[in-house]
Amino acid sequence: MKAPNNTIRFCILTAAVLLTIAACKPEQTHYTPTPYELEQPSYFPSRNNIPTDNPMTKEGVELGRKLFYDSRLSGRDGTDGIRCCASCHHQENNFEFGAPTNTHHAMLPLVNLAWNRTGLGWNGGVATLEDMVLAAVTSSVEINADTNQVVKYLQKTDDYPELFWKAFGSRDITFINIERAIAQFVRSLVSSNSKFDRYLLGEEQLTEEELAGYELFCTEEGADCFHCHGGGGLALMTTNLFYNNGLDDEFNDPEDRAYITGSHWDRGAYKAPTLRNIAVSSPYMHDGRFTTLDEVINFYSEGVKDSENINPLMHHVMDGGVQLTDIEKAQLKAFLNTLTDEAFLNNPNYSDPNH
Amino acid sequence: MKKTQFIFMLLVAAALVSCKKPANYGDLTVNIDYSVNGKALITDSLCYCNEAGNEFLITEIQWFISKMELQDERGEWVSSEQKIFYIDTDITESQTLQIASIPVGRYKALRFVFGLDEEDNRTGLFTDPPESEMFWPDFLGGGYHYMKLNGKFLNAEGHLAPLAIHLGIGQNEDCTEFYQNYFIVELPIDFTIKENTVNQFDLTMVIDNWFRNPNLYDFNTFGSAIMQNQAAQQALKENGKDVFTTSTQTQQNPTAMKQENLSEIFKNTMQKAAPKPHFWTWENVKERFQGLRFKDLKFKI
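Keeping their order, the protein sequence lines are chains F and P.
Residue 289 in the numbering used here sits at position 289 of the first sequence, with consecutive numbering throughout.
Residue 64 in the numbering used here sits at position 64 of the second sequence, with consecutive numbering throughout.
Bound-form chain F, shown alone (with noise of 0.2 Å):
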């Protein structure tokens, strides 16, 4: 009686084993991303502009993530200047620059950039993420490297092929998953948590000079900034729109909206920056000609010229800005440091992964 018992126990035993051994294959042999969930504030934009051929997942965001920090994304390794995105994107600046600048423009900042619709740089040009990648990398006033060498460098890297594996199902490079990855990384990249934010939630209230400013900031009679900057109802704090605001009377930049749009009315017109943490996003303009929020105060306040170009919003043009006290200068610009969101700024989710 004893003998089939074993025999069943053997049986039982070896097949455990197998099983065992079967579970423990040391290799992933299917592609399983995770799927991203971007953080969606009631108040910001339903529709984003996630690509359906490039959906967000978390190795993808990841891998962007280390690909944004890492130099060897210029497909060289000597020190002959090489760059990735972050050289210019610091995460403490709105992932802009920062003043002073040794860029050679004047940066827009990598910040709640899934809700664009409108183009991307100062003058709407590139369409996509992607595409922006790809005008980055290969720009030669950025990070001026050629596309098949960067696969191919990456390629011969230890850890890069694994994880494109991970992200989009195949260890062979390619500069389109490179694009994407990127992208998704940067439109990872929400704020919403500033003390504005939480105004809008009713979770914390302005003082009462940050509400003066924001009354002035929404108002025409006031600093008249809400058509083109948003507030309450645009929580972007951008319409993402393009408009000549009146900092120059001759327009020879052959590089603003009009290089676009073909249209003699956009000539001098560029992207309406977010305001979201605009505190830490100096130098400001399209030029960078401003260094603090003072200036650009002061600019909308008594600075503002006039041309056939500048844009119908600017309403207080023939005055010459809208003419602010220095009280309400004041009130205005400590409402716009309510919309530095210090959480973002110092998210370990969007800092350099590789160190």
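Hints were generated in silico from the structure; no laboratory data involved.
Ideal Cβ placement from N, Cα and C applies to all residues, glycine included.
A couple of the hints might just be wrong.
Unchecked claim - Keeping only pairs whose Cα atoms sit at most 20 Å apart, straight-line, the calculated SDA-like set for lysine to any residue is:
(1) P:Lys241 x P:Ser35
(2) P:Lys148 x F:Met285
(3) F:Lys305 x P:Ala156
(4) F:Lys305 x P:His159
(5) F:Lys305 x P:Leu154
(6) F:Lys305 x P:Gln71
(7) P:Lys83 x P:His159
(8) F:Lys195 x P:Ser35
(9) F:Lys305 x F:Met285
Claimed, not checked - Using C-beta positions, here's what the derived DEER-type ranges look like:
(10) P:Lys241 x F:Pro41: 33 to 43 Å
(11) F:Asp326 x P:Gln95: 32 to 42 Å
(12) F:Ser140 x P:Leu216: 56 to 66 Å
(13) F:Asp249 x P:Lys39: 57 to 67 Å
(14) P:Thr29 x F:Tyr31: 43 to 53 Å
(15) F:Asn148 x P:Lys39: 36 to 46 Å
(16) P:Ala156 x F:Asp326: 42 to 52 Å
(17) F:Asn298 x P:Asp174: 23 to 33 Å
(18) F:Glu209 x P:Thr29: 26 to 36 Å
(19) P:Glu195 x F:Tyr31: 46 to 56 Å
(20) F:Ile50 x P:Pro103: 37 to 47 Å
(21) P:Thr176 x F:Asp294: 27 to 37 Å
What the hints assert, rightly or not - Covered stretches of chain P (in silico footprint by chain F; criterion: 3 or more residues with CB under 8 Å from a CB of chain F, positions within the stretch not fixed):
(22) 126-134
(23) 144-154
(24) 159-173
(25) 214-228
Using the hints, position chain P against chain F.
Then chain P, alone, in the frame of chain F:
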């Protein structure tokens, strides 16, 4: 027996109800267009003059229509399923309002709310652009602009000044009282909705009428920054009553109209014939330069 009879009658009644002929429906398309001084609107050309003698141009018009209804021959109002339409001169598809499932038959009147009434005009109603870009700050009453009509006009000093006809909720001086400035437009029509037919009519905004009747509207007084000026809002509200007309005639070919007017307009316009800048699309560039470096290409990022 009585119970059986009752059940029988109930069954007959149910059968009669279920045999009632279902209403037939047709779809309606409302084509939005604009006229100034009897001609189709051409944007960005300084070629118009209002009743007060202000020369002006229009760059864009963005506005809301809501609660659109048609009145049938019996006097019943039939509502559009879509309650709010955003219309934008820069967004072609927004100029065509699609209204589905209108019962077939003859209709004698159209009415709608210009802008948004108290029921609809709530901050936060829209989170997505372009509608969200119409927001009207809470300090000024909240909700959304009913209309933004932007452009330029030649002011009394001969300078090209901003023109911004922005309509929405008005306020008293210290923003403690608010005034609803939307209004209801009712227009007679003679229009038949047919089944399986593309039924359409034109709804025209006669722009010059905003500025003439009953209030002479001078841009030198109320040209821009009128969101906090209830006198301007009230004048436009009163003038708005005869701004809209309907027509069931075939729409004119807009391209032909534009070309015809352009030749005439350029004789008088101040618009400078600036050389068209070099134009490129990102798709072209990307295709050409994939795998290469951007040596000579200029772009601003």
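Taking the earlier hints as the rules, which of them does this structure contradict?
Violated: hints 2, 6, 7, 8, 11, 13, 15, 16 and 18.
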